[in-house]
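Chains S and P, in that order, give the protein sequences. Residues 3 to 116 in the working numbering are what the first sequence lists, from first letter to last. Residues 4 to 120 in the working numbering are what the second sequence lists, from first letter to last.
What the hints contain is simulated information worked out from the structure, not anything from laboratory work. There may be inaccurate statements among the hints.
[Stated by the list, open to error] Derived Cβ-Cβ restraints for the label pairs, each shown as a range:
(1) Glu66/P / Leu96/S: 23 to 31 Å
(2) Thr20/P / Ser14/S: 38 to 46 Å
(3) Leu29/P / Ser28/S: 31 to 39 Å
The beta-carbon is built from N, C-alpha and C at its ideal position, and this holds for glycine as well.
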Amino acid sequence: GENVEQHPSTLSVQEGDSAVIKCTYSDSASNYFPWYKQELGKRPQLIIDIRSNVGEKKDQRIAVTLNKTAKHFSLHITETQPEDSAVYFCAATLTGGGADGLTFGKGTHLIIQP
Amino acid sequence: GAVVSQHPSRVICKSGTSVKIECRSLDFQATTMFWYRQFPKKSLMLMATSNEGSKATYEQGVEKDKFLINHASLTLSTLTVTSAHPEDSSFYICSARKAGTSVYEQYFGPGTRLTVT
Numbered sequence: 003g004e005n006v007e008q009h010p011s012t013l014s015v016q017e018g019d020s021a022v023i024k025c026t027y028s029d030s031a032s033n034y035f036p037w038y039k040q041e042l043g044k045r046p047q048l049i050i051d052i053r054s055n056v057g058e059k060k061d062q063r064i065a066v067t068l069n070k071t072a073k074h075f076s077l078h079i080t081e082t083q084p085e086d087s088a089v090y091f092c093a094a095t096l097t098g099g100g101a102d103g104l105t106f107g108k109g110t111h112l113i114i115q116p
Numbered sequence: 004g005a006v007v008s009q010h011p012s013r014v015i016c017k018s019g020t021s022v023k024i025e026c027r028s029l030d031f032q033a034t035t036m037f038w039y040r041q042f043p044k045k046s047l048m049l050m051a052t053s054n055e056g057s058k059a060t061y062e063q064g065v066e067k068d069k070f071l072i073n074h075a076s077l078t079l080s081t082l083t084v085t086s087a088h089p090e091d092s093s094f095y096i097c098s099a100r101k102a103g104t105s106v107y108e109q110y111f112g113p114g115t116r117l118t119v120t
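The task is simple: from the sequences and hints, build the whole structure.
As structure tokens, this is what we get:
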């Protein structure tokens, strides 16, 4: 099955700086890679996703890059703000066929220092 | 929007009893729903995939007779923890995917905190 590794487990950055979280996956067939943000006691919220036929996707301050050859993908947050503080999870799956549950990384606790 | 609800949000039960958790998609139809388990300060672990009108697909190591899943309609899936034990205490979260072959996003419910005493 799929295995997703995520680094770092904790990331502390100054407000206004950029944050980068990296993930690797093991199954070369995986084709869908979402990122979720989870605040304490709340549900995971989808913040951005990318499919394997795309190398990069951007949405305002958030971007995701995918390197299929190396089987890794990264989340980039620019101009970080206090409300960006949360736990971020990457995930991977092979879509289609009705059995496309997500395999999650272990999460990154992002701390934005004022 | 894409809103998913879960009920109950918290439940405490005695060891040996069964507990049912409901997952509903409120404003969309979901042919596929997923059940995850999350331990404190840990990641989410996929337990099973629930497809409307068919049997659930369980991940390796998840006992299908202990975690009964029913997906009777396009907006409702239920997870029943049977003969619960303290080690079943956890945070159970469902997600739902909108019907449609080109839609991949999963929307999560708020979770259910189960405590078995």
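Evaluated hints:
1. Glu66/P / Leu96/S: 23 to 31 Å: Given range 23 to 31 Å: holds, Cβ gap about 25 Å.
2. Thr20/P / Ser14/S: 38 to 46 Å: 44 Å, holds
3. Leu29/P / Ser28/S: 31 to 39 Å: 35 Å, holds
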